[in-house]
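> Starting from two chains that each stand alone, build the complex the way the hints lay out.
Chains A and B are the protein sequences, given in the same order.
Quick note: the first sequence uses numbering that gives the first Met the number 0, first residue 0, plus one each step.
Quick note: the second sequence uses numbering that gives the first Met the number 0, first residue 0, plus one each step.
Worth flagging that the hints you see were computed from the coordinates, not collected in a lab.
Check the hints yourself; a few may be wrong.
To spell it out: a stretch of chain B is covered by chain A in this simulated footprint if at least three of its residues, at any positions, have a beta carbon under 8 Å from a beta carbon of chain A; those stretches are [unchecked claim]: (1) 9-15; (2) 52-64; (3) 88-94; (4) 99-105.
Just so you know, even glycine gets a beta-carbon here, dropped at the ideal spot from N, CA and C.
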Amino acid sequence: MKISFNSIKVRFFRSLITTLTLTLAIAFVAYIRSGYELLNAIWTHADLSLQERILAGGYEAVDGRFGTSPKDTWLAILSLIVCVVGIVNAQLMAVTERFREIGTFKCLGALNSFVVRIFLVEAFYQGLLGGLSGSVVGIVVSTVSIAWKVGWPAFRWWPFTGMLLTLGWGLFMAASLSLLGVIYPALVAARMQPAVALRTEQ
Amino acid sequence: MDREIVHNVVRLSEVTKVFKMGGLQVEALKGIDFAIKAGEYLSIMGPSGSGKSTLFNMIGALDKPTTGRVFIDEVDVAQLDAYELAWLRCRKIGYIFQTFNLIQVMTAIENVTLPMIFAGMSRDEYLEKGMELLRLVGLAERYHHKPSELSGGQQQRVAVARALANDPAIILADEPTGNLDLTTGEEIISLLKQLSTERKVTIISATHDIKMLNVSDRVVWIRDGRIDRVEERAKLKISVGEVV
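Extracted from the complex, chain B is given alone in its bound form (with noise of 0.2 Å):
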């Protein structure tokens, strides 16, 4: 097989994170040690207050580690200044959130064509580009309703086209059908698995959502701010048959 190489796109080393609260030391992520492979579909499981959504923003460069070391392509993340780290996000990751954030007083397509202004597009670039990403959603027609206009299957897919905007390296979904119904969560991740067939994009996504089990590679189990297993997906299947 002539398989090209393939990087770690994201590495964690001894990742440690302490919160304060009040006089209290909260001590969220104990110790992860991880690597996560280009093109991968990666699934957090875990259940809430495990320390998940903190991984996860270790992950997207959105939070500092209180001690180890995050690499985003081989870059410690804690070198770059903000300059670079601005440059990280709206580049090399895109983000999907369990409460959509989308900016309310802006259309579809403003949103949609935002992190190309701060990549520094020009417009009609960055138009052209913001409607195609609407269709691959499916939501060209709808491109200048506001997100309050819209479903919450919807504004999510919105979310999705903003996340790919800049043709990111890794998507980042923290609990991406979390606030969604049953078929349009299906949607969602469907939607996010054409993406990384398809795109080779890297999905690592936060969640509890066991649909999201299907069709994931490889599934991180995290208790307590640890590790606690990793499964590939052959393996998984089975044990998924035997609960069910």
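So here's chain A without its partners, still in its complex pose (with noise of 0.2 Å):
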């Protein structure tokens, strides 16, 4: 809705910010993500002294197939559950903010479910640009970073499909993040009687 986008654009910075928790958390996952797909793609048309390489590189094959361990989950987990705090910590800074404009739409008729769907659909903007941003970082770190321990045939194998993957599925995660984020203030902003909303001094 044109609403949200444009008071996304005019408080760029503050979303900036909320934006930004979500493209870390996003990069992190997706670096681990992609890292794999990378190595896995490598491995299949690797030679011997190439798999030396990888795995003197650190990284640690189970099965001819490199996948998750158990420490990489939580990691990512971890990280993803301190971004959701994050997301709900900046909302709720944004709704105190604007708990005049709030009140406002209220006392011009809007209903509860319109005030949570403006928050709503700016989270959703903002997760798929933290999405976007931070699958974009992770992939570009995880090749970067192992193409400078195994060379060329890093690119050379570059698995197109998997990173697209990667990518879409970095997509959903920034937006169900932000969305679950943003729900508990969104309800906090709609219950408000617009009497209480407008009082408050800006």
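Have a look at this one:
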């Protein structure tokens, strides 16, 4: 919706911080995921010396496949939880900042659901943006770091579909995390009596 | 005279409001009984802290009374659910605030059309009506300006246009001239007066602007959460004359 898009544009800096939280978390997860995608892709084409080089780089293969270890999974989950908490925090601030605006909306006859919808749509946009930038950063960093260790083959067998999947997965994760984080602040905003909302000083 | 029967557009019955501030209970309204007739231009006067704004919020269905009842068009506001309340605020009442309360990220025309979007009008309809309203308040050529690009008086005129968007029966103005200088304040007052005479809109304004008194049909004085006295205009002119 146009309203939400406008308010993101105006509060660009503030929403940038929220988006950045997402970007970092998604970047980390995408880095791990795309790293294994890339290793698996190289491994099938690799000769013995290259395989040795990969193993010397500190990567461990199980049955000839690289995959997320439990440690990686826990780190990823932890980073996503931190991210959601960060979003809730940032969005609560944003809601407080906009009490008066919300009060005005309600005076003009906005339903609670409209207020919730505004925040959800905004969060969705931010989620997409954060997911996109995060996935790109993660993929680039993992590619560069593996290329650093194994050299040219990293680009030669770069798994395009796998990376695209990682990107899509990152977008989906970011959008759902962002929505998850905004639900509580949006409900707080929507349930306020307009008189209370208007009384707040700015 | 074949005047149509004047009905009470707003009626308050033993309304009280208690705010809890920390451990303290503050009685902002101590039992208000009052009726406002349709088409009236009414001013609520009183020193700050007298309960003016609280009363304003009660009349506008923006807040719930602690005890007592508020009727708008003889409908008890307390009986309405959230959806009906939103409908009431959207269609029946137009609000004007001291601080304008325009949405900062929207242009003048977007601000004016917002209530009509909530009311479910089609895009062509609300754009046309929005421009018509902006013409009425003399801001048609500035429709694309953001509130930050308009002066205080112009912002308040946009707010007046917004208040009129869904042809409300009541316009509630909370210190509409409080943040304006003398001349722009007068402009807003005459605009409101014009609306009241031409469109037969009931105008209720909380104010401590003496200029408001000259155009009011009735003035209600509030003191300490109670109605101190109610004055008709005819009587008022004499008393103001005596003071000046």
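> Report holds or violated for chain A covering the stretch 99-105 of chain B, Cβ cut-off 8 Å, minimum 3 residues.
holds (count 6)
> For the stretch 88-94 of chain B, count the residues whose Cβ lies under 8 Å from any Cβ of chain A; is that count three or more?
It holds: at least three residues are needed, and the stretch 88-94 of chain B offers 4 whose Cβ sits within less than 8 Å of chain A.
> So is the stretch 52-64 of chain B in contact with chain A by the C-beta rule, three or more residues under 8 Å, or is the coverage claim wrong?
The restraint on the stretch 52-64 of chain B holds, since 5 of its residues have a Cβ under 8 Å from chain A and three suffice.
> Can you tell me if the stretch 9-15 of chain B counts as covered by chain A, using C-beta to C-beta distances under 8 Å and a minimum of three residues?
violated (count 0)
In terms of the numbered hints stated before, the structure departs from hint 1 and from no other.
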